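Asks: Okay, here's what each chain looks like letter by letter:
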Amino acid sequence: MDELQNLFHGFGVAATLPNLGFMLIGITLGVLIGVLPGLGGANGVAILLPLTFSMNPTSAIIMLSCIYWGALFGGAITSILFNIPGEPWSVATTFDGYPMAQQGRAAQALTAAFTSSFVGAIFAVLLITFTAPLLARFALKFGPAEFFAVQLLTFASFVGMSKEPPAKTIAAMMLGFALAAVGMDTVTGQLRMTYGHTELLKGFGFLIAVIGLFGIGEILLTMEEGLAFKGKSAKINFKVVWQTWGELIKHWKLFLRSMAVGCWMGITPGGATPASFMSYGMARRMSRDPQSFGTGRIEGVVAPETAAHAAGTAALLPMLTLGIPGSPTAAVLLGGLLIWGLQPGPMLFVEQKEFVWGLIASMYIGNIVGLIVVLTTVPWWAAILRIPFSIIGPVIIVICAIGAYTVNNSMFDVVMMLVFGVMGYLFKKLKYPLAPMVLALVLGDMAEASFRQAMLISQGSMSIFWSNPLVGSIAGLAIAMLVWPLWGAAKSVARQRELRAGR
Amino acid sequence: MMGGGPDEKDNAVGVRWPELGVALLLVLLAVMVIRDSLRVGTGWADDGPRAGYFPFYIGLALLLSAGWVALKQLLRWRAHEPFAERAQMASVWAILWPMAIYIGLIFGLGIYVSSALLIGYFMLRHGKHGAALTAAVSLGVPLFFFLVFERWFLVALPKGPLEAYFGF
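Chains as they are written, first to last, in the working numbering: chain D, 1 to 503; chain A, 504 to 671.
These aren't lab readings, by the way, just hints derived from the structure by calculation. Since this is a predicted model, take the numbers as computed values, not measurements. Cβ atoms here follow ideal geometry from the backbone N, Cα and C, with glycine treated the same way. Hints may be right or wrong, so weigh each one.
[To be verified] Beta-carbon label-pair distances, calculated as ranges:
{"no.": "1", "chain 1": "D", "residue 1": "I457", "chain 2": "A", "residue 2": "L665", "range": "55 to 61 Å"}
{"no.": "2", "chain 1": "A", "residue 1": "A659", "chain 2": "D", "residue 2": "S492", "range": "26 to 32 Å"}
{"no.": "3", "chain 1": "D", "residue 1": "E225", "chain 2": "A", "residue 2": "G551", "range": "48 to 54 Å"}
[Said to hold, decoys possible] Among chain D residues calculated to face chain A with C-beta under 8 Å, some are:
{"no.": "4", "residue": "A171"}
{"no.": "5", "residue": "R192"}
{"no.": "6", "residue": "G196"}
{"no.": "7", "residue": "H197"}
{"no.": "8", "residue": "I219"}
{"no.": "9", "residue": "N237"}
{"no.": "10", "residue": "V415"}
{"no.": "11", "residue": "M416"}
{"no.": "12", "residue": "L426"}
{"no.": "13", "residue": "R452"}
[Said to hold, decoys possible] Residues on chain A that point at chain D, a partial pick, calculated with CB under 8 Å:
{"no.": "14", "residue": "E522"}
{"no.": "15", "residue": "G562"}
{"no.": "16", "residue": "A569"}
{"no.": "17", "residue": "Q591"}
{"no.": "18", "residue": "L612"}
{"no.": "19", "residue": "V616"}
{"no.": "20", "residue": "S618"}
{"no.": "21", "residue": "M626"}
{"no.": "22", "residue": "H629"}
{"no.": "23", "residue": "G630"}
{"no.": "24", "residue": "V644"}
{"no.": "25", "residue": "F647"}
{"no.": "26", "residue": "P661"}
{"no.": "27", "residue": "L665"}
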């Protein structure tokens, strides 16, 4: 029951008046970011990160993580009212959410979405509360070889699980690693791949990459779709909320299933987006009436929202305990921790108890605050969406430019932001996944350091990666994930052969 | 495979050139990474692995995977799959070049004046908003950011001659 005691102590840290204020600001900004096209969890946090450098780390991370919760909530509003997913993880919410709004049941859909998000998140926070300390204690035994194996597993599972072609996943990931390696080598002090440009001395900032890839890239995609916002309006009153809650209780099995899917996908770096699709697919397959999905079923809102929010929250578990983020936004938060001089990983739970438990406690409060904020303020967010893109678009570009500049006070970064933006657009169009690239950019130096340390211990022999059962099984799992697509390809080749032979 | 009729060719930009271009660009980057890793040394020094040890293999993996994408694209060169419609490309272009000019302008005019110009241009050209609203938004937003950053958060953003005239 050590955890409970720590948690209560954490509540003491989180529930101070200034911190509650930061939570409210964070949630509000987060919903705004989630609602606006071109601003999302990852780049929203990246843009606001430099502004928090002067705050104390606990308050700063509480505010930033609340932005993340807010963005998770906000994505649902645009999906349901406007049929425009504000965030990639709310695409699946549009399938049944928008039809519900068209039938005049927008309030029910929104209540269901917010409640599911909340339930998913709280479940994931409970999971973090009770398993994070165990995982951290376990990870204290890790040496460099184990850390590299876990990192390898993280990246290998992208290859194994992503919908995108494996070659493109690997290419995007390797590009991330390559960009991370640019600049001064921390071990030998040598300059790498700068080709004589002093601007590259410090390497490519991942915050710049995130702002460009997700922010500018998203703006370009939005322009391409040429969208005009035509939405339904909604007012939520207490009676509707109450009735919807009554209806939702009947779907408790669906909730449990979606939460399990979400947490699993969040801890393994599948992320919120695949989690929401997977959960939606499962709900439809296991339903007695699969045909009616897509016509405005409340289950079709509950399943993806619960899973997305559970995954988004659970992504913080490996980030805190192992220093390996489960999603791009978690990666940005990790970058923030590093800037404040807090090294995420098992030692964080030993050395920075107050910070860790303050953060975990703030997840509970933040999600409760978030639920109340979104339930009461929906009409205003819908009104913001009616502002035409010809105004919102350039304003978001300005915000991105300011955000990129403030990271290092350098105009070079603003130019790089544009380059990354074009790259983000092309990558999205050509189905190169962005998440592994961002994670590689953030984790590159760390992965390289643990790889080199492991190599030092073993004097250059790869056998260190199966020198004991622990590292061996992690590495083995990673290899299995890497060759998984080959197995799929082999199966489809075999099937084609059979078809041809049968003819 | 999407149909390859003549109409589609006219309205849509094919995916093959962008696909090949991006893949070749990645191959080029990979070659740069490998070349520089070889320069700093990929082997083993007295004190452990040298600086190019890790990036060398990264470069190699990038080369192989991007090369594979390029090769696959060349093998099915005749398949017509759309990248985007021409009209869509035009609207992407319509925001891309003002963005590039905007970033160029920041160097000379500072971020606030450039932002006002960008928002103003966009509202007039693409939104067809009235002059009063355009002026209000395009001046108001930079002014708001000016107050937030220069006054409240004391973060200095790039400034130009106009701000200098007012003594900032």
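Asks: Hints broken by the structure, by number, lowest first?
Replies: Hints 2, 6, 7, 9, 11, 18, 19, 25 and 27 contradicted; others consistent.
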